[in-house]
Every structure is written in structure tokens, then in C-alpha cells.
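In the order they appear, the protein sequences are chains A and B.
Under our numbering, the first residue of the first sequence is numbered 411, with each subsequent residue one higher.
Under our numbering, the first residue of the second sequence is numbered 411, with each subsequent residue one higher.
FYI, nobody ran anything at the bench for these hints, they're computed from the structure.
One thing to keep in mind: the hints can contain errors.
Where chains are identical, the list cannot tell them apart; a pair therefore holds if satisfied intra-copy or between any two copies.
[Claimed, not checked] Derived lysine to any residue pairs resembling SDA-like cross-links, with alpha carbons at most 25 Å apart:
#1 LYS484 <-> GLU415
#2 LYS470 <-> VAL600
#3 LYS484 <-> PRO535
#4 LYS484 <-> ARG573
#5 LYS484 <-> ASP433
#6 LYS470 <-> ASP612
#7 LYS502 <-> ASP611
#8 LYS470 <-> PRO619
#9 LYS502 <-> ARG461
#10 LYS484 <-> GLN453
#11 LYS470 <-> TYR530
#12 LYS502 <-> PRO535
#13 LYS502 <-> GLU577
#14 LYS470 <-> GLN616
Only a predicted model underlies this, so the values are computations on that prediction, with no experimental measurement involved.
2 protein chains.
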Amino acid sequence: MNVLEAIATTRAIRRYRPDPISDDDLATILFSATRAPSGSNRQPFRFLVLRDGPRARQAKALLGESFRAGWAEKRAEDGYDRGSAVAEGSPKARTARAMQHFVDHFEETPVVVLACLVRYRAPNPYEGASIYPACQNLLLAARALGYGGVLTQWHAFVEAELRTLLEIPDGVTISATIPLGRPMGRHGPVRRRPLPELVFDDVWEQPAPYV
Amino acid sequence: MNVLEAIATTRAIRRYRPDPISDDDLATILFSATRAPSGSNRQPFRFLVLRDGPRARQAKALLGESFRAGWAEKRAEDGYDRGSAVAEGSPKARTARAMQHFVDHFEETPVVVLACLVRYRAPNPYEGASIYPACQNLLLAARALGYGGVLTQWHAFVEAELRTLLEIPDGVTISATIPLGRPMGRHGPVRRRPLPELVFDDVWEQPAPYV
Numbered sequence: 411m412n413v414l415e416a417i418a419t420t421r422a423i424r425r426y427r428p429d430p431i432s433d434d435d436l437a438t439i440l441f442s443a444t445r446a447p448s449g450s451n452r453q454p455f456r457f458l459v460l461r462d463g464p465r466a467r468q469a470k471a472l473l474g475e476s477f478r479a480g481w482a483e484k485r486a487e488d489g490y491d492r493g494s495a496v497a498e499g500s501p502k503a504r505t506a507r508a509m510q511h512f513v514d515h516f517e518e519t520p521v522v523v524l525a526c527l528v529r530y531r532a533p534n535p536y537e538g539a540s541i542y543p544a545c546q547n548l549l550l551a552a553r554a555l556g557y558g559g560v561l562t563q564w565h566a567f568v569e570a571e572l573r574t575l576l577e578i579p580d581g582v583t584i585s586a587t588i589p590l591g592r593p594m595g596r597h598g599p600v601r602r603r604p605l606p607e608l609v610f611d612d613v614w615e616q617p618a619p620y621v
Numbered sequence: 411m412n413v414l415e416a417i418a419t420t421r422a423i424r425r426y427r428p429d430p431i432s433d434d435d436l437a438t439i440l441f442s443a444t445r446a447p448s449g450s451n452r453q454p455f456r457f458l459v460l461r462d463g464p465r466a467r468q469a470k471a472l473l474g475e476s477f478r479a480g481w482a483e484k485r486a487e488d489g490y491d492r493g494s495a496v497a498e499g500s501p502k503a504r505t506a507r508a509m510q511h512f513v514d515h516f517e518e519t520p521v522v523v524l525a526c527l528v529r530y531r532a533p534n535p536y537e538g539a540s541i542y543p544a545c546q547n548l549l550l551a552a553r554a555l556g557y558g559g560v561l562t563q564w565h566a567f568v569e570a571e572l573r574t575l576l577e578i579p580d581g582v583t584i585s586a587t588i589p590l591g592r593p594m595g596r597h598g599p600v601r602r603r604p605l606p607e608l609v610f611d612d613v614w615e616q617p618a619p620y621v
């Protein structure tokens with residue numbers, strides 16, 4: 411798949427077929443992730459892959475709880491149960507249904523990747539420059555091979571238990587939890603704002619003539 | 411260009427030909443950046459493009475100072491001027507020469523993109539999940555079109571002056587400064603650790619049989 415096409419069509423995928431991801435495909439996806447840049451090329455990224463091993467199964471159960479808690483919180487906070495959101499067929503109602511399905515079936519996700527960062531200095535808002543480019547490579551490579559996933563932070567509710575179970579050492583943070591699998595149903599479009607709202611030229615908020 | 415090839419061959423590029431980036435290519439690169447995922451699809455990323463407008467020229471001069479200060483600090487801290495690093499032809503000596511050239515010629519960089527994040531909550535180590543995937547898309551799209559760049563944080567030394575000059579509002583952070591241009595000289599390989607050092611399966615540090 412052409413890189414520009416992959417970039418333009420990679421979207422969050424939250425419904426998966428039960429098919430596993432083949433070893434070869436998993437290796438390609440992870441190789442792609444690790445080609446990403448990082449500060450001073452330190453490569454502080456580590457990928458802990460959860461398939462159906464003994465710890466993975468327990469970890470997926472913990473994560474299932476955590477994702478359901480995450481969605482319950484968001485559902486309440488972002489008004490998914492009031493106003494236009496409850497109208498059958500509205501975009502918000504569709505999102506709510508898809509999210510509920512996603513978290514209810516989390517344990518069945520074929521592969522869950524924990525994208526971890528080995529810190530070498532205090533936590534700070536810019537450390538993500540050494541892990542999230544790798545996550546994007548991972549998602550693009552998955553897309554190229556016919557898989558889909560989503561970059562999430564919803565491990566937060568069970569982080570302590572998860573770290574103990576998976577023996578993740580101090581000094582390592584879980585920067586993202588990425589479920590992966592073959593998309594179920596149609597793929598759907600990538601919804602983003604028009605370019606002129608996101609790109610400025612020469613000075614803040616000055617329109618860029620080329621977009 | 412195939413997406414897996416683009417991912418495997420995108421490396422930091424710090425020497426640029428003087429050629430500008432065409433409007434069409436710039437639009438494609440920025441479109442690609444903005445297709446990235448972000449938390450709740452909020453799309454808090456903004457790209458401020460510095461070409462050769464009046465503010466851009468001043469900003470590049472400020473950034474040139476900042477990059478030279480950044481490199482001077484790193485050069486001292488990371489021992490680029492002692493031991494094996496001073497041996498002519500050693501990898502460290504080559505890096506030092508390339509970095510010195512990069513910062514000395516910073517003002518000539520055809521395009522500099524400031525990747526900015528509009529914050530909606532307090533700064534935190536995970537906010538990068540909504541900006542650095544976009545930066546990686548940008549670099550991959552640039553690669554596909556024959557350009558190269560590098561993800562840096564070296565605006566830090568002049569951030570206050572830069573924000574004033576470019577009228578970047580409070581509540582917006584500069585998450586990365588990305589110089590871009592046509593690579594000068596040969597492209598060079600992507601140097602990364604072997605996959606088994608970076609990927610674990612089922613539990614921390616357990617080797618993954620598929621890598």
C-alpha cells in the first residue's frame with residue numbers, strides 16, 4: 411500500500427474479527443514500530459505484546475475492566491446519554507454503540523500491544539516524542555497488512571495491577587495500550603477538520619495559501 | 411512509495427539542498443500530518459509553517475541561535491570532544507561534524523514546521539499522543555515526496571522570544587520543531603537496535619518467538 415494512501419485511510423478500528431495476527435505480520439508490524447525516531451536515537455520504546463499466553467489472558471481481563479470504566483466515565487462526562495446523543499442513528503448514538511461494543515468485547519481482542527517508554531529523566535510533556543511516532547508506525551504498518559487498531563490510554567484504571575502482573579519495572583511507563591485485529595465490518599472514513607483550520611503560515615492564525 | 415518501505419527508510423535528515431518545497435508537496439505533507447489520530451479525535455494539533463515570510467526569517471534566526479546552543483550543550487554533555495569521539499572518521503566524530511553543519515546552516519533550512527498542541531488540560535506526559543503521531547505522518551509523507559527532516563525540541567532555548575514573535579497564544583505548546591528540505595548527499599541507513607531487545611511477549615523481558 412502506498413504510504414500516502416495508508417496515512418490518509420488509517421483510522422481507529424475498535425471491532426475485530428477473531429482471527430489471530432500471524433507471526434510474520436506481527437514481526438513486520440513491530441519492526442515498523444521500532445524504526446521510529448526517538449530523542450538522540452536512544453530508542454527507549456519497548457513493546458509488550460499480549461496474545462493468549464497465561465499473563466496476557468489475565469492482562470486482557472484487567473484491561474477489559476479498565477476500558478469499561480474508561481468508557482463509563484467518558485459516556486457520562488461527554489453527554490452520551492442526553493440530548494441529541496440519544497436520538498437513534500445520530501453520529502453520537504453510533505459512536506456510543508461502537509464504544510460499548512468495543513469495551514464489552516475487549517477480552518476477545520486478538521492482540522493487545524502495550525507501548526512502553528523506558529524513562530531516562532523525570533516525566534515531562536515532551537517525552538512522548540520518543541514513543542508516539544513508533545505507535546503511529548505500528549498503526550500504519552498494521553493498516554498496510556489489513557489490520558486495524560486504536561491508540562488508547564485506558565489502561566489507567568488498572569495500571570498498578572497490570573504493572574505487577576506483567577512485571578513492568580519502575581522507571582518504565584505505559585504510554586499507550588493498542589488493541590489490534592482484523593477489522594469487522596466496513597472500514598469507514600477518517601474524519602478530520604479542513605486543513606485551513608490546522609495549518610498556519612508565517613505567524614499564528616495566518617492562513618497558508620497552499621492549503 | 412510503499413508504506414513499509416517508507417517506514418523502514420525514514421531517518422533524520424539534517425543537511426538540505428537550498429530547493430524550496432513546492433506548494434503542492436507542502437499541502438500533501440501537511441494533509442498527511444493532520445490525518446493522525448488524537449485523543450477523542452479532538453485534533454488539537456496545529457502546524458505553523460516557516461518559509462521565507464518576514465516573521466519566518468526572524469524565527470529561523472532565533473531558532474538558529476537556539477539550535478547552536480542546544481548542540482553546544484549536548485556536545486559537552488555527551489562527550490563529543492573527548493575520547494574516541496575526537497578520532498577522525500569515528501562514528502561519533504562524523505555525528506559531531508554533521509550536527510555542527512546542521513546548526514551552523516539552520517537559517518538556510520527551506521521550511522521549518524512548528525508542531526503545536528492546543529492544550530485542553532494541564533501539561534502531562536501523555537499529551538504527546540495527540541501530536542507526535544501527526545509529526546511522524548509528516549515525516550513519512552515528506553520522505554515519500556523526496557524530502558527529509560528531523561523531529562527536534564531545540565526551540566527550547568528561545569521559546570519565549572519565539573512565542574512573542576509568532577504570536578503563539580498561551581495554552582498552546584510547541585511540541586516539536588521540524589526542519590524540512592531535500593536531502594543533500596546520500597541518504598544513509600536507519601540505525602536501530604535488533605528487534606528482540608525491543609519486543610517482549612506475555613510478560614516483561616520474555617522473548618517474543620516471532621521476532
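Original post:
How do LYS484 and ASP433 come out at 25 Å by Cα distance, when the copy is not named: within, between, both, or neither?
Top reply: Neither. Shortest intra-copy (35 Å) and inter-copy (40 Å) distances fail the 25 Å Cα cut-off.
Original post:
Quick one: LYS484 to ARG573, C-alpha cut-off 25 Å, is that within a copy, between copies, both, or neither?
Top reply: Close inside one copy (24 Å), not across copies (34 Å); limit 25 Å.
Subject >> Intra/inter-copy verdict for LYS470 and TYR530 if alpha-carbon distance must be at most 25 Å >> reply: For LYS470 and TYR530, the Cα distance exceeds 25 Å both inside one copy (28 Å) and across copies (30 Å).
**OP:** Go through the copies and call it for LYS502 and GLU577: within, between, both or neither, with a Cα cutoff of 25 Å.
**Re:** neither (38 Å within a copy, 35 Å between copies)
Original post:
Is it within, between, both, or neither for LYS484 and PRO535, if the alpha carbons may be no more than 25 Å apart?
Top reply: both (23 Å within a copy, 20 Å between copies)
Original post:
Is it within a copy, between copies, both, or neither that the alpha carbon of LYS470 lies no farther than 25 Å from that of VAL600?
Top reply: neither (27 Å within a copy, 34 Å between copies)
Original post:
When no copy is named, should LYS470 and PRO619 be tagged within, between, both, or neither for a Cα gap of at most 25 Å?
Top reply: between (48 Å within a copy, 20 Å between copies)
Original post:
With identical chains treated as interchangeable, where does the CA-CA distance between LYS502 and ASP611 reach 25 Å or less: within a copy, between copies, both, or neither?
Top reply: neither (34 Å within a copy, 37 Å between copies)
Original post:
Between copies, within a copy, both or neither: which fits LYS470 and ASP612 at Cα up to 25 Å?
Top reply: For LYS470 and ASP612, the Cα distance is within 25 Å only across copies (11 Å; inside one copy 47 Å).
Original post:
Using 25 Å as the alpha-carbon threshold, which applies to LYS470 and GLN616: within, between, both, or neither?
Top reply: Classified as between: cross-chain Cα gap 17 Å, same-chain 47 Å, threshold 25 Å.
Original post:
Within a copy, between copies, both or neither: where do LYS502 and PRO535 come within 25 Å Cα-Cα?
Top reply: neither (31 Å within a copy, 29 Å between copies)
Original post:
What label fits LYS484 with GLN453 when the C-alpha limit is 25 Å: within, between, both, or neither?
Top reply: between (33 Å within a copy, 17 Å between copies)
Hints 1, 2, 5, 7, 9, 11, 12 and 13, counting from the list given before, are not met by this structure.
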